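Here the protein sequences line up with chains G and D, keeping their order. This note's numbering numbers the first residue of the first sequence as 42 and each following residue consecutively. This note's numbering numbers the first residue of the second sequence as 125 and each following residue consecutively.
Derived from the structure by calculation, the hints contain no laboratory data. Owing to the predicted nature of the structure, the values given are computational and were not obtained by experimental measurement. Glycine included, each C-beta is placed from N, C-alpha and C at the ideal position. A few of these clues could be false.
[Unchecked claim] Computed footprint of chain G on chain D; a stretch qualifies when at least three of its residues, placed anywhere within it, have a C-beta under 8 angstroms from a C-beta of chain G:
| no. | stretch |
| --- | --- |
| 1 | 150-159 |
| 2 | 170-182 |
| 3 | 225-232 |
[Said to hold, decoys possible] Here are some chain G residues the structure puts well away from chain D; computed CB gaps all over 10 angstroms:
| no. | residue |
| --- | --- |
| 4 | THR54 |
| 5 | THR58 |
| 6 | ASP97 |
| 7 | LYS111 |
| 8 | SER121 |
| 9 | SER124 |
| 10 | THR127 |
| 11 | GLN141 |
| 12 | THR152 |
[Claimed, not checked] DEER-style ranges, computed between Cβ atoms:
| no. | chain 1 | residue 1 | chain 2 | residue 2 | range |
| --- | --- | --- | --- | --- | --- |
| 13 | D | GLY184 | G | PRO59 | 43 to 49 angstroms |
| 14 | D | GLN178 | G | THR61 | 36 to 42 angstroms |
| 15 | G | ASP95 | D | GLY140 | 48 to 54 angstroms |
| 16 | G | ASN69 | D | GLU180 | 43 to 49 angstroms |
| 17 | D | ARG196 | G | HIS51 | 37 to 43 angstroms |
| 18 | D | GLY140 | G | THR150 | 36 to 42 angstroms |
| 19 | D | GLN178 | G | PRO145 | 25 to 31 angstroms |
| 20 | D | GLY165 | G | THR58 | 22 to 28 angstroms |
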Amino acid sequence: DAGITQSPRHKVTETGTPVTLRCHQTENHRYMYWYRQDPGHGLRLIHYSYGVKDTDKGEVSDGYSVSRSKTEDFLLTLESATSSQTSVYFCAISDLKGGQYFGPGTRLTVT
Amino acid sequence: KQEVTQIPAALSVPEGENLVLNCSFTDSAIYNLQWFRQDPGKGLTSLLLIQSSQREQTSGRLNASLDKSSGRSTLYIAASQPGDSATYLCAVSKIGGSYIPTFGRGTSLIVHP
Chain G
42 DAGITQSPRH
52 KVTETGTPVT
62 LRCHQTENHR
72 YMYWYRQDPG
82 HGLRLIHYSY
92 GVKDTDKGEV
102 SDGYSVSRSK
112 TEDFLLTLES
122 ATSSQTSVYF
132 CAISDLKGGQ
142 YFGPGTRLTV
152 T
Chain D
125 KQEVTQIPAA
135 LSVPEGENLV
145 LNCSFTDSAI
155 YNLQWFRQDP
165 GKGLTSLLLI
175 QSSQREQTSG
185 RLNASLDKSS
195 GRSTLYIAAS
205 QPGDSATYLC
215 AVSKIGGSYI
225 PTFGRGTSLI
235 VHP
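Just chain D, same shape as in the assembly (with noise of 0.2 angstroms):
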């Protein structure tokens, strides 16, 4: 059974930094891993999308990478700003399996002024 595990499960870092979220998953048997952004309250957003044959994607100032081999994902975030502040979840999808996802629990971010 695949299981996701991010680490950290929260982390505040002042406005400006450069960070890096993690995502380790224990079946490399994957079709694709997604990370979303969810605010409280809210329903979760796709920011990004790797597939399988792929190494790293990214958006704006958001490049996630994907290694299978070792199991790893992550999620690295440029020039953070307070609007940043989000949970993030990552979720991996295993071939075959109707596209069901695995997700993790989340980092909690928060970026302070």
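Bound-form chain G, shown alone (with noise of 0.2 angstroms):
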């Protein structure tokens, strides 16, 4: 168990309005990531963290923001939602040994 956590768990929100995703973890890794899933594209790298307010893009980028104050909390913003948004987001850590390690997920639903 990696203790990572995220909340909330569930979201319904409307288009237009923002909306910030939280991931937690207890183990002080260095890296976090955000992902989406969709069905037909699978998982998909949004952005990603290397350390303390050290964040980069990934592949869908696009009307996303992150930021990471705190080893243990990374953050991520959808600045105005969307209903291509809606996703299931999930976030990882990745351990000494480059493994990674998932959060349960947040299923997010932009009406």
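Can you join these two chains into the complex? Each is in its own frame, and there are hints to help.
As structure tokens, then:
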């Protein structure tokens, strides 16, 4: 168990509203990641972090921003939610061997 | 660009069978390869992690092998059970790439009693 929690676990929001998802880890891992998972697309990387205040874009970063002010927390913000951002969002960490370990996911619906 | 392919996309077997899931990748310059299990509506659970210098890893009824030169990995499940029903994904991480993996699309496995 990599000690990863995500909040909220489920959220329904309206188009145009900002949304922030939180990922929290308890084991001080340096690397953290946000993915989205959609039928027909598999898992796609949104953003990742390689340390406090150090982040970089993934393959589907448009419309998303991230922040990491503490080692244990990695926030994903949808600046103005759109229906195309309806998805399941997963946070992950990498341990010292480079293995990835995932949180339970957040199911987001944008109406 | 790394591409990861998993064959078959779906598999249905009777309980008790030994089975093999396949994962192939196009770039052999990998840091590691990892197998995951995902149950419907749930997150990904790590099953086995193989470093690039290793040839295989075992956990219980699961055995994963890695052949970098041919760009292949197999996940062997012995004596399958209905509880093994899930989607199995493999992912390969590249050298020097912040451990960012490339995922396959998965094999959906159903083990029927």
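Hint-by-hint comparison with the structure:
1. Closer than 8 angstroms: that is the beta-carbon criterion, and the stretch 150-159 of chain D has 3 residues meeting it against chain G, so the requirement of 3 holds.
2. As drawn, the stretch 170-182 of chain D meets chain G at 3 residues by the rule of a beta-carbon pair under 8 angstroms; at three or more, the given contact holds.
3. Evaluation of the coverage hint for the stretch 225-232 of chain D: fulfilled, as 5 residues show C-beta separations to chain G shorter than 8 angstroms, against a requirement of three.
4. With a closest Cβ-Cβ approach of about 20 angstroms to chain D, THR54 (chain G) is found to remain outside the 10 angstroms limit, as its non-interface label requires.
5. Every CB of chain D lies more than 10 angstroms from the CB of THR58 (chain G), the least distance being 25 angstroms, so the non-interface label holds.
6. Its beta-carbon lying about 8 angstroms from the closest one in chain D, ASP97 (chain G) breaks the requirement of being farther than 10 angstroms from that chain.
7. No beta-carbon of chain D comes within 10 angstroms of the beta-carbon of LYS111 (chain G); the shortest separation is about 19 angstroms.
8. Every Cβ of chain D is farther than 10 angstroms from the Cβ of SER121 (chain G); the closest lies at roughly 27 angstroms, confirming the non-interface assignment.
9. Every CB of chain D lies more than 10 angstroms from the CB of SER124 (chain G), the least distance being 21 angstroms, so the non-interface label holds.
10. Look at THR127 (chain G): its CB is around 15 angstroms from the nearest CB on chain D, clear of 10 angstroms, so calling it non-interface holds up.
11. Against chain D, the non-interface label of GLN141 (chain G) is violated: not every CB pair exceeds 10 angstroms, the least being about 6 angstroms.
12. Distance check on THR152 (chain G): its Cβ is at least 20 angstroms (rounded) from any Cβ of chain D, clearing the 10 angstroms threshold; non-interface status holds.
13. For the pair GLY184 (chain D) and PRO59 (chain G), the beta carbons lie near 45 angstroms from each other, so the given range of 43 to 49 angstroms is met.
14. Roughly 39 angstroms separates the CB atoms of GLN178 (chain D) and THR61 (chain G), a value that falls within the hinted 36 to 42 angstroms.
15. Taken as a hint, the range 48 to 54 angstroms holds for the pair ASP95 (chain G) and GLY140 (chain D), whose Cβ atoms sit roughly 50 angstroms apart.
16. At roughly 30 angstroms, the beta carbons of ASN69 (chain G) and GLU180 (chain D) sit outside the given window of 43 to 49 angstroms.
17. Range check, ARG196 (chain D) to HIS51 (chain G): about 39 angstroms between beta-carbon atoms, so the 37 to 43 angstroms window is met.
18. One distance hint, 36 to 42 angstroms for the beta-carbon pair GLY140 (chain D) and THR150 (chain G), holds here, with the actual separation near 40 angstroms.
19. Roughly 29 angstroms separates the CB atoms of GLN178 (chain D) and PRO145 (chain G), a value that falls within the hinted 25 to 31 angstroms.
20. Range check, GLY165 (chain D) to THR58 (chain G): Cβ separation about 25 angstroms, and the 22 to 28 angstroms hint holds.
The structure is inconsistent with the numbered hints 6, 11, 16, although it conforms to all the rest.
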